[in-house]
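Engineer: Residue numbers (numbering that gives the first Met the number 0), protein chains in the order written: chain D, 0 to 334; chain C, 0 to 290; chain G, 0 to 398.
Keep in mind the hints are simulated off the structure, nothing from the lab.
Please note: incorrect hints may appear among the correct ones.
[Stated by the list, open to error] DSS-like cross-link-like pairs, simulated, lysine-lysine; straight-line CA separation at most 25 Å:
#1 C:K121 x C:K141
#2 G:K266 x C:K121
#3 G:K266 x D:K293
#4 G:K327 x G:K296
#5 G:K373 x C:K121
#6 G:K373 x D:K293
[Stated by the list, open to error] Derived DEER-like restraints, expressed as beta-carbon distance ranges:
#7 G:K387 x C:Y61: 37 to 45 Å
#8 G:I353 x D:S77: 33 to 41 Å
#9 C:E178 x D:R102: 20 to 28 Å
#10 D:R102 x C:D176: 44 to 52 Å
#11 G:Q202 x C:W159: 42 to 50 Å
For glycine and all other residues, C-beta sits at the position ideal for the given N, C-alpha and C.
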Amino acid sequence: MKENAGPLIVLGILLLFPWVITDQYYQHLMILVLMWVAIGSGWNLIAGYTGQVSFGDAAFFGTGAYAAGLLAFKLGISAWWGLALGGLMAVVIAFPFGWICFRLRGAYFALATLALNEVMRHIATIWESLTGGMVGILLMQTFVSKIPYYYVALVIAVIAVVTVQLVMQSRWGYYFVSIREDQDTAESIGIDTHYYKMISLCLAAYLTGLAGSLYMNYMSFIDPHIVFSLHDISIMAILVGIVGGVGTVYGPAVGAFVMVTVSELFRTGGFGLVDSVTKAIPYPAVMLAAKYIKEAHVFTFGVLVILVILFLPNGIVGDWPKLRRGLLFWRRQKA
Amino acid sequence: MDVFLQTLVSGVLTGGLYALIGLGMTLIMGVMNIINLAHGQLMMVAMYITFVLFHYLGLDPYFALPVSCTFLFFLGVFIQRYLLNPLMQVESILPENQVLMTVGIGMVLTEICRFIFTSNYKSVPNPYSSPTFFIGGISFSKAMCTAFVLAVMFTVALFWFLLKTDLGRSIRAVAQDGEAARLMGIDAERIKVITMGIGSMLVAAAGTMLMPIFYLFPDIGGPFTRKAFVITILGGLGSTVGAIFGGVTLGLAEAFGATYIGKDYEDMIGLIMFLLVLLFLPGGFKRLTKV
Amino acid sequence: MKRGLLCLVAAFAVAMIASGTCLAQGAKGEPIKVGVVLPLTGTQAAFGEIEKNSFVMGVEEINKAGGVNGRPIELIVEDDASKADVGRSAVEKLISRDKVIVLTGGYASSVTYAMAAVAQQRQVPFVVNTGSADNITEMGWDYVFRINPPVSEYPEGLKGFLQEVVKPTSVAILYENTLFGQSGSKEFAADAEKMGLKVLMKQGYEAGGLDFKPLLINVRAANPDLVYMISYVMDAALLMRQAKELNFNPKLFVGGAAGFTLPEFYKNAGDAADNVFSATLWTENVPFPGARDYYDKYLTRFKSPTEYHGAEAYAAIYVVADALKRAKELAPKAVRESLIDTDMMTVFGPVKFIAYGKKKQQNRLPTYLVQWQKGMLETVWPKDVATKPYVYPVPPWKK
Chain D
0 MKENAGPLIV LGILLLFPWV ITDQYYQHLM ILVLMWVAIG SGWNLIAGYT GQVSFGDAAF
60 FGTGAYAAGL LAFKLGISAW WGLALGGLMA VVIAFPFGWI CFRLRGAYFA LATLALNEVM
120 RHIATIWESL TGGMVGILLM QTFVSKIPYY YVALVIAVIA VVTVQLVMQS RWGYYFVSIR
180 EDQDTAESIG IDTHYYKMIS LCLAAYLTGL AGSLYMNYMS FIDPHIVFSL HDISIMAILV
240 GIVGGVGTVY GPAVGAFVMV TVSELFRTGG FGLVDSVTKA IPYPAVMLAA KYIKEAHVFT
300 FGVLVILVIL FLPNGIVGDW PKLRRGLLFW RRQKA
Chain C
0 MDVFLQTLVS GVLTGGLYAL IGLGMTLIMG VMNIINLAHG QLMMVAMYIT FVLFHYLGLD
60 PYFALPVSCT FLFFLGVFIQ RYLLNPLMQV ESILPENQVL MTVGIGMVLT EICRFIFTSN
120 YKSVPNPYSS PTFFIGGISF SKAMCTAFVL AVMFTVALFW FLLKTDLGRS IRAVAQDGEA
180 ARLMGIDAER IKVITMGIGS MLVAAAGTML MPIFYLFPDI GGPFTRKAFV ITILGGLGST
240 VGAIFGGVTL GLAEAFGATY IGKDYEDMIG LIMFLLVLLF LPGGFKRLTK V
Chain G
0 MKRGLLCLVA AFAVAMIASG TCLAQGAKGE PIKVGVVLPL TGTQAAFGEI EKNSFVMGVE
60 EINKAGGVNG RPIELIVEDD ASKADVGRSA VEKLISRDKV IVLTGGYASS VTYAMAAVAQ
120 QRQVPFVVNT GSADNITEMG WDYVFRINPP VSEYPEGLKG FLQEVVKPTS VAILYENTLF
180 GQSGSKEFAA DAEKMGLKVL MKQGYEAGGL DFKPLLINVR AANPDLVYMI SYVMDAALLM
240 RQAKELNFNP KLFVGGAAGF TLPEFYKNAG DAADNVFSAT LWTENVPFPG ARDYYDKYLT
300 RFKSPTEYHG AEAYAAIYVV ADALKRAKEL APKAVRESLI DTDMMTVFGP VKFIAYGKKK
360 QQNRLPTYLV QWQKGMLETV WPKDVATKPY VYPVPPWKK
């Protein structure tokens, strides 16, 4: 129980968050963070624990989003039912996805998932009669306040993390890790690797699809470019997992928080701090610097990725001892 | 008949250019077995160099070739030596960290170019006064033909290099079995660095050739990286001739798909072919011919 | 060390005084916050730049002339990175944290659509100036207003020309696979059929393609009288260059504005752009007061030409300022009511928000037909605003 103290405290903070911080913008950011916790956890299951590094998780995300969206758009059923359905639809997609990709290993597997992701995106764009093509799906948000969405996102994130924890403590968890470590040996001692890979993928797909339908309900606008995006969803999922820590339960949570915060921090220039500084000191040099800081958010992101991979390859959580040593070392140096 | 022939010509010529893009990647993947998702971004850098040389020095893009190739060689060497090789030493759960490193590198390269050149589209006008010649009513683009010829030349040169020179043989040894090569006295780390340099150099040539036909903006890299993968897988990792085969096949598939099915399916056709090859012919063309 | 600190303080003080005097001219008093969302990074950054510059120029002029009843307008510009979800975040931030009372901007159709939904829900008026998909003003959103014509009306200027001069019998439509292209092509196909034209082909493509020849070969084989293309600038340039390489000579090529009217189109297509027509929403020669002035002022200040997107932005800020001046109080609801009564002239044309067809709170403007002649974009139709006579029949490509 003691080892769960940390996460439980965080959970407590999260529960109280929207009542303490009433600024809708920050609530919006936290909702995004929670969504990424779910996506990252899903990816972590299939990649971090089972060793099958997927570059195509957007396929599940998009399926979940469109399942919810089409329910509302074509059948007039509230998109909230889509939450239940989105995860399931994503699992349905996981079957052919796995069937195609699991016969491949390593780099080839990754490329195949990437290709499937792109195929899904193209299908969604071209099949206008089903998905509306690039017109996308627009729904009106059910609630004006962000608080209900926040709690739904929180529930989804908690489900994701708890699922990962329970699965990894069970027998399935052992099988997944053994597949990651050495698939052939696992097969030879009688583990049906194909079966367990599929289970892992289905779980990952379910969590990611759930996040997708949350996205549809909350953002209320999707189009193929947004929800099947290779760069913004699939690769971001990988980065969340890697930066946070693959193969750890809380890694994706930390990763989600870091990635979302860093990218918004730079896009808005320190949440407006840069703008205040510029207003106080309106020198052209300062203004130029401010402009470049704000436009450099992708650049900083890339640099962050490079640094993390070089120095913290197991992520913040995975390499926590190393990171702590590094921080303490730096502090000792200053004294 | 006209439609068919013109589509055929289009496909083959585009295929040549694609092959040049894929050549670098197949070499890198064959030797080091890493997925380089920054391949397109390296090409982008070469294209910016070509643009700068043209814009400020008035240098004909074809003469910019040696400059861009040299620069990219050293850039590739730098990336491999300081960013990718160190990853080999690092203990991590997933071997795929290298791929993500290339994602980060790609992002950084794109943003640096965006910072220097802004997001505006840049282009270099076609150096030929009349850009096409006609044979029997079928139009051939001069710039594309030049690129095709150059692709073949590079392939032949690379093939000869790998087969006949010492360095080439060392590279093939490392590709076959890195441990054994090391035991035989080959400095595998150095070979990998050089290979990355050569691979980058090849994609630089592709970029310079592409400049007069197409245009340039910082985000141009992504789609070309994906095409390079398709070509690499089609042709077989490490196979130089396979790259030509893969490139031309992709070019033809896209052209015929665009003509007879619809241009919006163009990308899908490449992707589906990619998946089919991955599933049913995992060694690519190489497996069929042992080249 | 102490001297350095003193210098720093002195510099700071000077800066404060200097900034103070800057604000002393023109409007004084607490600034009114207006939110603007534009693509400042990403693939559409070039256009975002033109619009931002135009907004800035417009605001400076308005503030120098006394602002809104003595108070200056403060523009808060946010980047949507050419992405709908970032656009939504930006609007959220502008409404929650910056407490803007009115929004404007919106470039790409899909991004504008998503942002308008947020503005509607949070009940802050949004004056759209570029996003052109029809559905933006067909949703019945009473907080959304649009100055620019919807994409379905882009070819209005073209229609007169077609019906009186060309009288074509068939058309091939090519479009990029985005909201702008998909909706524009659908509308034009419907219009063509109403005009009695046979639609031989309607083909979409992914933007950023390298080789359009297979597509153009098919179009050539279908032998249409008219080829109508909806693309952004680089695809447009490649399409024309490759059409020339294939020696493809329909009766005329017409672009659906966007890429076809930009100077980059001519720079990249070279002589393949000659005699290509395009629909457009605005040129510097339109008979609206200040149009030419705006063009010249922009060129002098920013050293590169502006085009219809810039004019849309410039007009938008004037419309917003006008509405703010007439508003009963400076709060979103009152500003909305003030916007409803807008009836003014801008460099982009007259602005009055009316309802017609399925649309509401949409401004209705004529569009024009332009033609590239020897590297210059000349207005050719309607005849009363033409700068040069049209060249038709179009001579075939010289071999």
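Engineer: Which hint numbers doesn't this structure obey?
Structural biologist: 3, 4, 6 and 10
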